[in-house]
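Protein sequence lines, in the order shown, are assigned to chains W and L. Heads up, the first sequence is in full-length UniProt numbering, so the first residue is 1 and it goes up one at a time. Heads up, the second sequence is in full-length UniProt numbering, so the first residue is 1 and it goes up one at a time.
Hint data in this document are derived by calculation from the structure and do not stem from the laboratory. All figures in this text were calculated on a predicted structure; none of them were measured in a lab. Among the clues, some could well be false.
As the list claims (entries may be wrong) - Computed list of lysine to aspartate or glutamate pairs in EDC-like fashion (alpha-carbon distance at most 20 Å, straight line): (1) L:Lys270 - W:Asp93; (2) W:Lys270 - L:Asp259; (3) L:Lys304 - L:Asp116; (4) W:Lys114 - W:Asp93; (5) L:Lys270 - W:Glu37; (6) L:Lys304 - L:Asp314; (7) W:Lys270 - L:Asp282; (8) L:Lys270 - W:Asp142; (9) L:Lys270 - W:Asp183; (10) L:Lys327 - L:Asp59; (11) W:Lys209 - W:Glu192; (12) W:Lys302 - W:Asp183; (13) W:Lys270 - L:Asp59; (14) W:Lys270 - L:Glu197; (15) W:Lys270 - L:Asp142; (16) L:Lys270 - W:Asp259; (17) L:Lys172 - L:Asp206; (18) W:Lys85 - W:Glu37.
As the list claims (entries may be wrong) - If you want the ones that stay clear, here's a sample from chain W, every Cβ over 10 Å from chain L, calculated: (19) Ala90; (20) Ala284; (21) Lys302.
In this text, a Cβ means the ideal position worked out from N, Cα and C, and glycines have one as well.
Listed below, chain by chain, are the residues.
There are 2 protein chains.
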Amino acid sequence: MNQALNNRMIVLAARPESMPTEQHFAMKDAAVEQPAEGQVVVRSLYLSVDPYMRGRMNDSKSYIPPFALGEAIVGGVVGEIVESKSEQFAVGDKVLGMLGWKLYNVVDAASVRKVDDQMAPLSAYLGVLGLTGLTAYFGLLDIGQPKAGETVVVSGAAGAVGMIVGQIAKLKGARVVGIAGTDEKTSYLKQELGFDETINYKTVGDLGKALEAACPNGVDVYFDNVGGDISDQVMLLLNTHARIPLCGAISSYNSKSGDIGPRIQTQLIKTRSLIKGFVLGDYADRTEEGIQALGQWLGEGKLKYEETIVEGFDKVPQAFLQLFEGKNMGKMLVKIL
Amino acid sequence: MNQALNNRMIVLAARPESMPTEQHFAMKDAAVEQPAEGQVVVRSLYLSVDPYMRGRMNDSKSYIPPFALGEAIVGGVVGEIVESKSEQFAVGDKVLGMLGWKLYNVVDAASVRKVDDQMAPLSAYLGVLGLTGLTAYFGLLDIGQPKAGETVVVSGAAGAVGMIVGQIAKLKGARVVGIAGTDEKTSYLKQELGFDETINYKTVGDLGKALEAACPNGVDVYFDNVGGDISDQVMLLLNTHARIPLCGAISSYNSKSGDIGPRIQTQLIKTRSLIKGFVLGDYADRTEEGIQALGQWLGEGKLKYEETIVEGFDKVPQAFLQLFEGKNMGKMLVKIL
Numbered sequence: 001m002n003q004a005l006n007n008r009m010i011v012l013a014a015r016p017e018s019m020p021t022e023q024h025f026a027m028k029d030a031a032v033e034q035p036a037e038g039q040v041v042v043r044s045l046y047l048s049v050d051p052y053m054r055g056r057m058n059d060s061k062s063y064i065p066p067f068a069l070g071e072a073i074v075g076g077v078v079g080e081i082v083e084s085k086s087e088q089f090a091v092g093d094k095v096l097g098m099l100g101w102k103l104y105n106v107v108d109a110a111s112v113r114k115v116d117d118q119m120a121p122l123s124a125y126l127g128v129l130g131l132t133g134l135t136a137y138f139g140l141l142d143i144g145q146p147k148a149g150e151t152v153v154v155s156g157a158a159g160a161v162g163m164i165v166g167q168i169a170k171l172k173g174a175r176v177v178g179i180a181g182t183d184e185k186t187s188y189l190k191q192e193l194g195f196d197e198t199i200n201y202k203t204v205g206d207l208g209k210a211l212e213a214a215c216p217n218g219v220d221v222y223f224d225n226v227g228g229d230i231s232d233q234v235m236l237l238l239n240t241h242a243r244i245p246l247c248g249a250i251s252s253y254n255s256k257s258g259d260i261g262p263r264i265q266t267q268l269i270k271t272r273s274l275i276k277g278f279v280l281g282d283y284a285d286r287t288e289e290g291i292q293a294l295g296q297w298l299g300e301g302k303l304k305y306e307e308t309i310v311e312g313f314d315k316v317p318q319a320f321l322q323l324f325e326g327k328n329m330g331k332m333l334v335k336i337l
Numbered sequence: 001m002n003q004a005l006n007n008r009m010i011v012l013a014a015r016p017e018s019m020p021t022e023q024h025f026a027m028k029d030a031a032v033e034q035p036a037e038g039q040v041v042v043r044s045l046y047l048s049v050d051p052y053m054r055g056r057m058n059d060s061k062s063y064i065p066p067f068a069l070g071e072a073i074v075g076g077v078v079g080e081i082v083e084s085k086s087e088q089f090a091v092g093d094k095v096l097g098m099l100g101w102k103l104y105n106v107v108d109a110a111s112v113r114k115v116d117d118q119m120a121p122l123s124a125y126l127g128v129l130g131l132t133g134l135t136a137y138f139g140l141l142d143i144g145q146p147k148a149g150e151t152v153v154v155s156g157a158a159g160a161v162g163m164i165v166g167q168i169a170k171l172k173g174a175r176v177v178g179i180a181g182t183d184e185k186t187s188y189l190k191q192e193l194g195f196d197e198t199i200n201y202k203t204v205g206d207l208g209k210a211l212e213a214a215c216p217n218g219v220d221v222y223f224d225n226v227g228g229d230i231s232d233q234v235m236l237l238l239n240t241h242a243r244i245p246l247c248g249a250i251s252s253y254n255s256k257s258g259d260i261g262p263r264i265q266t267q268l269i270k271t272r273s274l275i276k277g278f279v280l281g282d283y284a285d286r287t288e289e290g291i292q293a294l295g296q297w298l299g300e301g302k303l304k305y306e307e308t309i310v311e312g313f314d315k316v317p318q319a320f321l322q323l324f325e326g327k328n329m330g331k332m333l334v335k336i337l
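Input sequences plus hints: build the corresponding full structure.
The following block contains the structure:
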């Protein structure tokens, strides 16, 4: 059937030195390949754009190899099987995988897994039940280990990860303080998600003072999505044996001149605190546990999520770039029309 | 008997803003108090001077309260019972405790514990079998968890903690790289203690390059005693899932202007590494395990230690200040004549 299908893909055209622009991406047309035995053809329905992808645009050693120049960008995709040469999938099945930014991906059946669009909307598998929800779940519970009555601070709190972190921390009985960059976001966190305190870091003036006021008993867990100045200030309020799951440093991903600030070692010694970088892959053997727990909270109405959905394949680079302007509330997705 | 004894003590005379000098200490004379029932009079034999004590000279929140102005400095002391009003101790017993920088301390029997001068020289209880040895043992093994074949880098490697860290790492089969500040120190580490590589950071020129050459397989464990520029360089070589026991930051203890450098968050995320501040008190319930292990290695000749012994009570402040000039090889102690 697919000999007639035209494919489009978005490739890495150049490596950005600082903030990426649309110039660093290019659209490429091609025919959809014939699937081999054991392969499937997946039509993209939703593409995920995530801050971590910025790291893969650099040519540097990291936990995943860099994107190749001229090749399609790879990220989370939910799609539909339109042709199957595998017994595992039928046409019409909905699947999730790390796939190319393409209208159609032709891949081995093992590279995708089926998702249930009766249990949750398809887009949820790229967010609350996917990479960002699981990242929040494992980072907060395994590294942060919040206890009832403790204070949990979340930066990037209105992002896809931050929102889930705050809600899980509330479910564990912690006092939750969220830092975000617009009043719309902070209002949502407080009124809709039940955060105890929120701070708009862009308008607050003295962030250190605002944090002190919001955290009268200090900070026991700091779930860090942003790094930079905001983290410098939170570090000053750590309690003894504080835990810091280090999830992202979006403020520094596009920094060319180097990311300079107060060294944190003395503060970590004084407070005997732990800080640990992690990625979801570190918890690959516990994925099912995480999906189960998140799915249950979701079903019980204890977990809410928000999505910012941009429409149209040609809008993918733009949606990605908007992450760094803090344009999204919750999970940023592109719906393929 | 002690009515005739004159006591001398060294008190905190002023709080230093940056590097302390002898002006921040003062000598005070007094009579030795009468011991109450249940108390003992301990004559000081060895006083320990340690970098962590610098923190207690500041009036700031930390894991132990600051020293009080006008009061005797408190630190590790080995002494001899010269009068006992407790059934637990007899005159002549040798004891260890956190006591005042005084010729004589009159304290409750529970504040000191007996040490065996047949098993090891008395001074060892302030070093390899005391605070510094145990700090090395727990920080390296509990947080660092070196495995055979891994690369362990130790800064402040010729200090009391660093020397023991390196040797325990060797006992665990790791490749050990030590950073120190004189050729005498680096030669000792390599020739006497069996370190695989050493770097004199003061004369090496490009420390980053030297570290790369010394760690061709990257760094799995970084036992950090110093902080500052040296740590900045080591952080760039971390392997995936590296562990960083954060023991000290001697390079910044006397910094007035603030301790500024590259933020480490991005590097920790890229490598999914763990960094944890700790103090020996975190392992209070495992003290006996540590002393046992260190004592056994010592007895088997698998662990060597070095001491820099200054003589005379009036030299205590000077010995303490020399820690920050890197004058000591191994444990810095003052012997009371």
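Hint check results:
1. L:Lys270 - W:Asp93: Answer violated: lysine 270 of chain L to aspartate 93 of chain W is near 35 Å, above 20 Å.
2. W:Lys270 - L:Asp259: 14 Å, holds
3. L:Lys304 - L:Asp116: Holds. Lysine 304 of chain L to aspartate 116 of chain L sits at ~19 Å (cutoff 20 Å).
4. W:Lys114 - W:Asp93: 7 Å, holds
5. L:Lys270 - W:Glu37: At roughly 37 Å apart (the allowed maximum being 20 Å), glutamate 37 of chain W and lysine 270 of chain L break the hint.
6. L:Lys304 - L:Asp314: 29 Å, violated
7. W:Lys270 - L:Asp282: 12 Å, holds
8. L:Lys270 - W:Asp142: Holds, because 18 Å separates the two Cα atoms, which is no more than 20 Å.
9. L:Lys270 - W:Asp183: 32 Å, violated
10. L:Lys327 - L:Asp59: Judged against 20 Å, a Cα distance of about 27 Å means the pair is violated.
11. W:Lys209 - W:Glu192: Not OK: lysine 209 of chain W and glutamate 192 of chain W at ~25 Å, beyond 20 Å, violated.
12. W:Lys302 - W:Asp183: 24 Å, violated
13. W:Lys270 - L:Asp59: 13 Å, holds
14. W:Lys270 - L:Glu197: 31 Å, violated
15. W:Lys270 - L:Asp142: 18 Å, holds
16. L:Lys270 - W:Asp259: 14 Å, holds
17. L:Lys172 - L:Asp206: 30 Å, violated
18. W:Lys85 - W:Glu37: It holds: about 5 Å lies between the C-alpha atoms, which stays within 20 Å.
19. Ala90: About 38 Å separates alanine 90 of chain W from the closest Cβ of chain L, which puts it past 10 Å; holds.
20. Ala284: 13 Å, holds
21. Lys302: Fine: 29 Å to the nearest Cβ keeps lysine 302 of chain W off the interface.
Of the numbered hints stated above, those contradicted by the structure are hints 1, 5, 6, 9, 10, 11, 12, 14 and 17, listed in ascending order.
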